[in-house]
Each structure stands twice: as C-alpha cells, then as structure tokens.
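Working from the sequences, and respecting the hints, build out all of it.
2 protein chains.
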Amino acid sequence: MSATDFDIPTLRARRTNKWHKFAPDVLPAWVADMDFGVAPAIAAAMRRLTDNQEYGYAARDGVLAGAFSRRMASRFGWQTDPAHAIGLGDLVQATFSSVMAFSEPGDGILLQLPSYPPFMGAIADTGRRLIPNAMRDDGQRWVLELPATVDPRLRMLIFCHPQNPTGRCYSRAELEQVAAFAIRHDLVVVSDEIHADIIYPGGGHIPLASLSSEIAARTITITSATKSFNIPALRCAVMHFGAPALLQRFLAKMPTRLLGSPSVTGVDATVAAWDDGQAWFEEIMAQLLANRDWLARTIAAELPGVSFRVPEATYLAWLDCRGLELPCSAGQFFLDKARVGLNFGETFGPDYAGFARLNFASPPKVLAEVVGRMVDAVRTR
Amino acid sequence: MSATDFDIPTLRARRTNKWHKFAPDVLPAWVADMDFGVAPAIAAAMRRLTDNQEYGYAARDGVLAGAFSRRMASRFGWQTDPAHAIGLGDLVQATFSSVMAFSEPGDGILLQLPSYPPFMGAIADTGRRLIPNAMRDDGQRWVLELPATVDPRLRMLIFCHPQNPTGRCYSRAELEQVAAFAIRHDLVVVSDEIHADIIYPGGGHIPLASLSSEIAARTITITSATKSFNIPALRCAVMHFGAPALLQRFLAKMPTRLLGSPSVTGVDATVAAWDDGQAWFEEIMAQLLANRDWLARTIAAELPGVSFRVPEATYLAWLDCRGLELPCSAGQFFLDKARVGLNFGETFGPDYAGFARLNFASPPKVLAEVVGRMVDAVRTR
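Residue numbers (my numbering), protein chains in the order written: chain A, 780 to 1160; chain B, 780 to 1160.
Careful: at least some of the hints might be erroneous.
Identical chains share a label here; the pair holds if one copy fits it or two copies do between them.
[To be verified] In silico EDC-like cross-links for lysine to aspartate or glutamate, where the CA-CA straight-line distance does not exceed 16 Å:
no. : residue 1 : residue 2
1   : 1032      : 1130
2   : 800       : 840
3   : 1032      : 883
4   : 1116      : 955
5   : 1116      : 1055
6   : 1116      : 804
7   : 1144      : 1072
8   : 1144      : 784
9   : 800       : 965
10  : 1116      : 1148
Just so you know, these hints were derived from the structure itself, not from any lab.
Dropping the structure here:
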C-alpha cells in the first residue's frame, strides 16, 4: 500500500471527527487532517510504546524542544534556543495563553480575515476585542493590507503564516512589513506557523521571528507536527519565545503547569516525525501537489461560478462561490445538494458565507468523487 | 508472564523518570507509577490505534465523561452527570485552574500536610497563601484535625482523599466533618480522589461529593485512571463539578480551550481501563496488598528507628525515620548510603525532612532488594 492509497470504507471506519460529523452518505473534505496514514517512523515509535507498555511518567525532559530546534534549523535555517520552547497539547492553548499573558480584557488584537475560527475564539472568549483586518483578493492571490491607523488599545497581532484558509505563503517583503508594523505599534505577535512544512514549489517558508532579533523579541512562534504529519489526535505542540524577556513575561502571568504537558505518544510521534519522517512527507507532498493542480484545472473547467486562488501552501482550498449566487451559504449548499462536507465559510468570519474551505489531502479517487459531486450539484440545481 | 513479573533490567530499560532520575546503581522507589505493565484492555486499545494509524482529529465527544460516570457509579455508587465533567491532561492542571477560577491572589487555601508537592505549587505559583493544616500521627494512623478558627480570607480547601503520602482513607464520619467545615466557611473544595481505586480490605472509598448535594455544590472532584492503571504518561484526567452553577462559575473565569484536551491515546486507554480493566486491577491489588503487608512486617522486624502507619490506601508508605536520628534528611541518607531513590520528605512540607515516601508498587523481588539495601545501610552506618 502506498502512503496515499486508502479507500472510502477504510477511511469511514476511522473513529475521527472528519468521517463522523456528517451523515454516512456525505463525503467529508473539511477539518484539516489527511486521509492518509502516518510516517513509518511514527508508526514505529507508537509500536515501541505499545510493545513495551511504557506508560509510566516519561523521561522526556528537553526531548521535544530539542527536536523542535533541530527541525527549525534543518528545514528553515532558523536558529532557536530549545530553552525558550515550551511543549503543550495544542496551538489553541498556545494562542489562548499568549493572549491572556500579553493583553488585558478590552485590549485590541489584530487578526487577518478570513481566519481559522479558534483565533477568533481566543479573542472573544477572553474578553479582548477583535480588530479585523480583511485580506484582499487581487485577482491573483490574497494579499495582506495592514491598517494605516490602529486602535489606541491595540496590543497584539495573531498572525497565521502560511495563512489558513487562503493558503498564502508570505514573501520576505511582506513579512518585513508585518515586522515593521508590529515594532512600530509595540505589538506582541503570535505567529502560527503550523503549515510551514506544506509549501509548494516556487515558495519557501520564512519564520517571522527569523527576520531580526527585534521582531523575534516580541514574537511567540507556535507550531506542531500535527498538520504535516497527520497526528492531531496525539495533541502535541510547541510555543517558542524569541527572547528570554518575552518568556519571562509569559511565565510571570501564566503558570505552565496550568497548561499541562503533551502525552508521551505526542512527544514520541513528533520527534519521530521531525527527525525521521521526511521521506514519507516528501511522498505526501508530491500527492498534495498533484491534487492541488488537478483541483485547480477541474474547478476552472467544470465549476463556473466557483473560483479560488491556487494555494502556495497548505492542503486547503478557499473556494469563492459567490458567482453561483446561491440562496444559502456555500457550505450549506454543497452539504445539502452535493452531500459533500466542507468547512462553512461563515465560520472564518461573518463576511464569508459565500465561501467554503475544501481539504484536498485525500487519495485522488476520493477527491475526484468529492469534486464530481460538487459539479453535479451545480449543474443540476 | 504474570501482571507483576518484571525484572530489574527490563524496568531499567524503560524510558521513564522513575528509572532515569538517579544514577544507574540506584534502585528507584519514588514517583507514583508502578513497576508493572498495563491491563490487556489498555494494550489492545493502544494496539488498535497503532495498527489503524488512527491519529486524525478523534471522534470522542463525551466518551471520557461517559466512562467516568459509569466508573463512579459501578465502583463507588456515586451518580454523576457526564455533562458536568471536563477532560484534560492531568490533575495538576485541574488544581491550578480551580485555584485560579475560585480564588484571588492573596486568598488563603487550606491544605493538609504532608502534601503531594504540586498542591503547594498550585497555591504558591498563583500568588495564593497556603494555610497549612498538619495531620497528626495518633500512634495508629494519621488523623485529620481541622482548624478551630480560620483565616478571614480562607476561600478554598485542597483535599486529598485517599491522602497522599499518608495513605489515609477517610471514614464517612471524617468526611462529614470536612463537608461541614467547608460549608460553614463557604469554601470551594478541590477533592483529589486519584487513589480512590487503591483501597485495602477493611476500607472503602466514599467520594466527598457523594455525601450530600450541599457539599457537592461546592466540590470539584478530580480523578484519573493514571495511578491505578499505570498510564500517567498518557496524560488524561477528569474534573467533575458537583453542581451546574459551580461549573458555570469555573467556565466564566477559565476558558477550557486554555486547558487543552487529552490525547486520543489517553482517552482510549482510560476508557479501556475503567470499562474493561478491572480483572487486571484485582490481580495488581492482590500484589499490592501482599507487598504492603510484607513491608510492614519487614520494617517492624528489621528497621528499628523507622516506623510507618500501614496505609489504608495507595501504594505509598510514608516512613517516619526520625528515630534514626540521621545527620541529614532521610531521603538523602537512603540515596547516599543505600542507593535507593525515595521521595524526600521535605518536598511534602518543610517539617518532614525526617520522613521519606516509599513506593511499594514493584515486583516482590525488587521491593525486597530496595528494603534490603535500606536495612544494610541502617545497620552499617
């Protein structure tokens, strides 16, 4: 079996949210995990724990932080200090804890829209104010346009890079604008770089904090192997503070024992992924690239009224369905009429009901069935 | 291989804190996990995840809370509402979050001493004040003596039941005193009941919150399968709120997404333990009982100057070594002279340097070697 060859009955048997949120006749293409397996190195690490029944308090001090630093250096040429990295369960925790440590209720937090929904939750649920910063579709791609004036209580920027759901991989020039903006307005930046591995040919990921020590000193970089290595259920993430003073400010407000620590399965799988998973990942990337290009061709040819800017990163397609002039949200239309489960655009911001997010990290025949159903639904409506 | 038959080389090969904190010539008997394996039901659950590479976002809504409620009903006759249970990584998170949600910096929190060290951390690290409540050795056992007068800013009680490290399993009469005290002083109670399964013949665990709806309404019960089923590295715990209003007060202060959620391995192992692990656990309990009784006889016969109150619960022996009149702490003496790694008493409170905590959840031959080394060290000093 190849790394990307799973049939629908096998996938539907998985006890995952992706395959169980919707009715059994719906083909899901929503939440961001992949309809593939895991790297052999991860499977071996999990098997070792299972075989040895090794579930006592795990001796893993510094192991995750060390793997993070090796990975950032080998993959992005970014030198980090493992002593400034904290392991925890997920990036949403990292975002909530950063917001709570570096701002007060009522403070403003800038966020590009459309946005991964939990970032809006981290602002609303903690009593901070979302300062929306809509991205603009320039006809070629989604571009970042930072505001010329800012709220007097603006304290933070939650920055998603590569951007979810638009799939933008920002250039050095764009990142330098972001850094200058954050420095000019004295913002702390949470830089979510969870999709950094998943960049298509022509692009390259540049960690925001790698630009200069000045931006690093105010940046918390949050990442995880869960997206690129397909292990979100194992709950393991890293937050890295770009300067010791930033870490100290965080720790003064946020006891790390409140946040918990990742399970041994999360740590061992992540270390296996980052240190020994690259060959598998390259195979997956080849499939994702083929899927992306097939999707772009097929939508252009067979789904008039739907457009999207071909993502430079991620396995997510942000479909602009406004040309269909639907009587309901795009997500609802494709769920009801195509029996395809996409992410509803309106969950990424109130202005996006005409959009839907499609996850194309599936075996080609599954993706073909998803898109075929969408084409039929549009043709027969 | 029986459930309790592991030799020292096999144990030392485990990548656990227990076997790697000290030098290789030290026999460890400290941190509270067991030198055994796990229940066949847990091994099967882990193997299923490993075989199916099922690490996408897990469909486990309500699964852990349901298993918790079934377990509390079947084991302790306690009816709980799964809708009032929250899953998270560990009990230390549960304690920190409760302290932060139900008290303010500067408030007083009552805690029985000696105490599991992280409870002192949850008070100190959050800027609350520890109001110490020393237990008293009445010659038969450690008894609880609640204070007659209390600090005007006393807001909470962190209650450990069965008590770690003394091994007390409180009677209904004692629990009723605790409940009356909490109600009289309008305290919120965090009741750590993680050792509730591990009760020796003659005793029986009564959940504090099961006494009355009045005490339930102010009690957060925190528990986990990690101690009794030997899976602490999988990081899975439950906090249960005894009334909807208590849960609402908690949620108003503490966004649950800050706390994260347990990994799929933690959830599946816990559910397997609670629903299908009891036969294995009974086998383990028989070994723990034999170990406890052997330890009591052997210490009485061969370690003059060391005494302990035979625990009614837990696999922990709280050794009073003050009769040895050592020139250093008891933990340090046995580490240096016996090459045995115990928990140092002074970490359970400043008055306990003459004590040490011994974990007797080991194969009999390992326990015999631990105690034999201690006997030799005392004889030859």
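Hints, verified against the model:
1. 1032 <-> 1130: neither (35 Å within a copy, 30 Å between copies)
2. 800 <-> 840: between (37 Å within a copy, 11 Å between copies)
3. 1032 <-> 883: both (11 Å within a copy, 14 Å between copies)
4. 1116 <-> 955: Classified as neither; 44 Å inside a copy, 61 Å across copies.
5. 1116 <-> 1055: neither (43 Å within a copy, 43 Å between copies)
6. 1116 <-> 804: Only inside one copy: residue 1116 and residue 804 sit 12 Å apart there, 69 Å across copies, limit 16 Å.
7. 1144 <-> 1072: Answer is within: at 15 Å inside a copy they meet the 16 Å cutoff, but 64 Å across does not.
8. 1144 <-> 784: Only inside one copy: residue 1144 and residue 784 sit 9 Å apart there, 50 Å across copies, limit 16 Å.
9. 800 <-> 965: Neither way: residue 800 and residue 965 sit 42 Å apart in one copy and 43 Å across, limit 16 Å.
10. 1116 <-> 1148: within (14 Å within a copy, 70 Å between copies)
Against the hints set out earlier in the document, violations occur for numbers 1, 4, 5 and 9.
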